[in-house]
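Here is how the chains run, residue by residue.
There are 2 protein chains.
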Amino acid sequence: MRTRITELLGIKHPIILAGMSWISEPKLVAAVSNAGGLGILAIAPLSPEEARRQIRETRSFTDNPFAINAMLINRNAKEIVRVALEERVPVINYSLGRPWFIDEVHAYGGKVIGSIAMVKHAIKAEELGCDALVVTGFEAAAHGADPTSMVLIPLVDESVKIPLIAAGGFFDGRGLAAALVLGAEAISMGTRFIVTKESVVHDKTKQKIIESSELDTIYSNVYDGLPGRVLCSPGSEAILKTGPMEKAERYRRIEQSVYHGDNEHGFIYTGQSQGGIKDIPPVAELIDNIVAEAEKILGNAPRRYRI
Amino acid sequence: MRTRITELLGIKHPIILAGMSWISEPKLVAAVSNAGGLGILAIAPLSPEEARRQIRETRSFTDNPFAINAMLINRNAKEIVRVALEERVPVINYSLGRPWFIDEVHAYGGKVIGSIAMVKHAIKAEELGCDALVVTGFEAAAHGADPTSMVLIPLVDESVKIPLIAAGGFFDGRGLAAALVLGAEAISMGTRFIVTKESVVHDKTKQKIIESSELDTIYSNVYDGLPGRVLCSPGSEAILKTGPMEKAERYRRIEQSVYHGDNEHGFIYTGQSQGGIKDIPPVAELIDNIVAEAEKILGNAPRRYRI
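Here the protein sequences come in this chain order: R and L.
Heads up: the first sequence begins at 1 in this note's numbering, then just goes up one per residue.
Heads up: the second sequence begins at 1 in this note's numbering, then just goes up one per residue.
Read the hints as simulated data drawn from the structure, not as lab findings.
Heads up, some of the hints might be wrong.
If several chains are the same, the list does not tell them apart, and a pair holds so long as it fits within one copy or across any two.
Straight-line Cα separation of at most 16 Å, EDC-like style, residue types lysine to aspartate or glutamate; simulated pairs [claimed, not checked]: (1) 197 x 288; (2) 111 x 126; (3) 206 x 279; (4) 197 x 25; (5) 27 x 50; (6) 206 x 262.
Whole structure, please, built from the sequences with the hints as guidance.
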């Protein structure tokens with residue numbers, strides 16, 4: 001399935017692994033890139049040294065393109081991005097700030113993708129020179145804004161010319177088909193990739209996500225200061241009552257859920273798409289099935305992705 | 001465009017006018033039904049006498065099928081529904097309660113459509129004997145729940161066998177195409193029909209909606225006790241601060257916006273779809289354009305709506 005996104009990024013399938021801190025680590029990133037999608041390595045919470053190590057490790061696992069993401073409001077964002085540029089990471093995805101590095105990335109042949117959650121930020125990111133955008137709907141894990149994917153994708157599509165990656169609410173081929181129909185040219189999935197064989201997330205937490213419905217998320221700014229969505233659990237409900245915590249404590253709570261399967265005390269960011277997740281497939285099988293399902297639904301429709 | 005919904009309801013186009021109190025009155029309902037969609041007459045806030053008068057008036061304007069809606073938690077719901085059954089309204093749409101009237105409606109050849117906003121309520125409504133469902137996403141005006149259309153439509157589709165009408169976030173042919181691809185067989189639109197030539201809503205309020213973006217809604221339970229979405233305006237923002245009000249005062253504030261175009265003091269329920277609304281077309285032209293756009297996008301795709 002060729003789209004402007006697959007062409008731009010040099011990938012086979014229009015499917016992106018969201019850059020989830022703690023979760024989108026070298027093995028999962030490489031699994032997605034090796035399967036023909038684009039993995040985004042989550043380096044935001046890492047030290048520059050660890051970021052460099054993980055970039056190199058990812059490269060040792062795959063010859064295909066991959067990305068890193070950077071949250072530009074973070075104190076260490078400049079250092080982290082510097083490492084990614086030195087390592088000439090093929091795709092730089094950023095959010096929450098002004099990208100000062102676009103020319104430099106283009107100079108080594110890389111691409112820059114901005115993550116946005118409202119139309120005005122999409123227009124600004126295009127003006128600044130982004131090559132593509134991740135359009136994040138309200139249903140996404142962690143940090144979207146109020147507009148949902150159904151509304152935001154067509155509105156952004158008619159406001160900018162660069163191609164769009166739809167994020168928020170996607171877990172299968174119906175969603176990929178809908179995203180294409182609405183004007184996007186790829187989907188980004190986080191929660192769906194958490195629940196795969198290659199994912200580092202603890203089995204107990206994968207199982208908890210499978211058992212949770214579309215209703216079992218909490219949207220609040222208590223978890224890290226930004227409005228975001230987490231899995232409903234005793235751990236996340238307790239934090240909702242006790243209020244914000246220090247960064248070190250937050251990291252500890254996330255690791256409890258991600259690495260140790262402890263959702264009595266820990267928490268994990270998930271999206272409403274969890275309601276559609278019922279199995280733990282290998283990454284390549286998941287991607288192949290999603291693309292096949294979307295192809296079957298759309299058939300020979302003369303939609304835009306036929307470039 | 002034939003679907004199980006067009007077949008079930010005996011209509012030409014898979015497009016429904018949401019039953020918006022004060023707004024979905026006989027002329028607008030008839031305009032939609034005459035254009036080949038299904039208008040839903042909003043009788044929830046009316047007296048039984050006024051409900052009967054409006055049902056008869058609607059019938060005088062159109063020979064095509066139309067519906068009424070009833071909020072079953074309302075004190076006068078039993079009386080209101082009784083009037084609709086006596087008048088043998090072709091389609092009864094209900095929300096927020098247990099429908100006791102399904103057999104009676106079926107006995108005169110009518111159909112019953114339940115409105116739901118989560119999977120478990122969809123399953124229950126099918127068990128009770130509903131003929132179809134309105135699936136309301138978070139992006140809708142007034143009363144949805146947290147799950148968005150992108151997530152909720154496929155999850156409900158795989159949980160029930162009866163056909164679905166997708167509501168929340170729809171304003172054009174891209175949305176209709178996406179809804180079909182996700183498993184629905186029609187769309188319901190409210191805000192988009194508010195901003196049409198035939199709509200009784202004051203021009204100033206139509207213009208205010210056109211000028212508002214996808215960000216300019218407020219989601220709160222302060223307006224009527226249920227979580228719901230309204231247009232962001234000085235009037236709605238003031239109520240958010242002052243808190244809940246009596247029913248009579250609420251009705252007065254809604255009429256200020258709907259009939260008098262006063263959004264300094266009044267308020268109106270709108271959905272995020274307002275971000276995509278830029279003109280005031282006649283109803284028939286709007287419906288024709290949406291269907292034509294969806295047909296063009298989907299082409300000969302072998303999707304389910306080809307029955």
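Verification of the hints:
no.: 1; hint: 197 x 288; result: within (15 Å within a copy, 47 Å between copies)
no.: 2; hint: 111 x 126; result: within (13 Å within a copy, 49 Å between copies)
no.: 3; hint: 206 x 279; result: within (9 Å within a copy, 47 Å between copies)
no.: 4; hint: 197 x 25; result: within (14 Å within a copy, 54 Å between copies)
no.: 5; hint: 27 x 50; result: within (15 Å within a copy, 66 Å between copies)
no.: 6; hint: 206 x 262; result: within (11 Å within a copy, 51 Å between copies)
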